[in-house]
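Let the hints inform the model, and build the full structure from the sequences given.
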Amino acid sequence: MRLLYIFNQYLDEMQQLNLPFYETKTRQVGARTEVFDVIRKMYVVLTPEEWVRQQFIHFLMQEKKYPASLISIEKGIKVLGLQKRFDAVISDRSGQAAALIEFKSPDVKITQKTLEQISGYNLQLKVQYLIISNGMKHYCCKVDFEKRTFAFLNDIPEYNELIIRD
1 MRLLYIFNQY LDEMQQLNLP FYETKTRQVG ARTEVFDVIR KMYVVLTPEE
51 WVRQQFIHFL MQEKKYPASL ISIEKGIKVL GLQKRFDAVI SDRSGQAAAL
101 IEFKSPDVKI TQKTLEQISG YNLQLKVQYL IISNGMKHYC CKVDFEKRTF
151 AFLNDIPEYN ELIIRD
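Just so we're aligned: the sequence shown equals residues 1 to 166 in my numbering.
Be aware that one or more of the hints could be misleading.
[Stated by the list, open to error] Within a straight-line C-alpha distance of at most 30 Å, the following computed DSS-like cross-link-like pairs (lysine-lysine) qualify:
{"id": "1", "residue 1": "K109", "residue 2": "K142"}
{"id": "2", "residue 1": "K78", "residue 2": "K113"}
{"id": "3", "residue 1": "K137", "residue 2": "K126"}
{"id": "4", "residue 1": "K65", "residue 2": "K41"}
{"id": "5", "residue 1": "K109", "residue 2": "K84"}
{"id": "6", "residue 1": "K64", "residue 2": "K109"}
{"id": "7", "residue 1": "K25", "residue 2": "K109"}
{"id": "8", "residue 1": "K41", "residue 2": "K137"}
{"id": "9", "residue 1": "K109", "residue 2": "K78"}
{"id": "10", "residue 1": "K65", "residue 2": "K109"}
Hints listed in this document are in silico derivations from the structure and should not be mistaken for laboratory results. These numbers come from a predicted model, not from an experiment.
Here it is in structure tokens:
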């Protein structure tokens with residue numbers, strides 16, 4: 001009974017994000033709580049960062065109409081000769097990466113270092129949109145490769161807007 005109380009308390013803490021709440025499947029495996037990832041089609045350990053990822057991915061699919069089949073999670077890439085792992089990439093219908101997403105735990109402040117991290121990944125991927133979220137604050141910027149600049153947007157674009165190439 002005590003374990004169930006701890007589990008429910010943990011979920012209550014996880015639900016306080018600046019996003020709509022989306023019902024997710026969870027399970028208890030020993031002392032560890034896992035959440036079902038609808039993209040990877042498997043249970044993963046429920047950490048604060050994973051909670052942000054799951055809720056944000058549901059937000060993108062349900063509110064912004066991003067197709068689940070065009071979302072990749074935690075794939076490896078080489079950046080300047082180093083093996084790295086991105087949090088999520090959104091592809092267009094031809095399979096070309098269009099947006100890169102970096103997730104942080106709600107208690108992690110998004111800083112210049114976070115922007116540098118995602119920009120470093122983008123050296124390899126060369127996507128037009130960078131999205132960062134800690135569940136409380138969400139940032140999206142559009143990259144202009146010709147001018148070597150980026151501009152912060154007021155909102156996360158809908159999928160059909162995201163895949164339009166300038």
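Structure-based check of each hint:
1. K109 - K142: With a Cα-Cα distance of about 21 Å, the restraint between K109 and K142 holds, given a limit of 30 Å.
2. K78 - K113: Roughly 19 Å separates the two Cα atoms, so the pair holds.
3. K137 - K126: Holds. K137 to K126 sits at ~24 Å (cutoff 30 Å).
4. K65 - K41: Holds - the C-alpha atoms of K41 and K65 are around 19 Å apart, at most 30 Å.
5. K109 - K84: 21 Å, holds
6. K64 - K109: 25 Å, holds
7. K25 - K109: Between K25 and K109 the Cα gap is close to 28 Å, so the pair holds against 30 Å.
8. K41 - K137: Between K41 and K137 the Cα gap is close to 27 Å, so the pair holds against 30 Å.
9. K109 - K78: 26 Å, holds
10. K65 - K109: Distance ~28 Å between K65 and K109 Cα, so the pair holds.
Every hint from the earlier list agrees with this structure, and none is contradicted.
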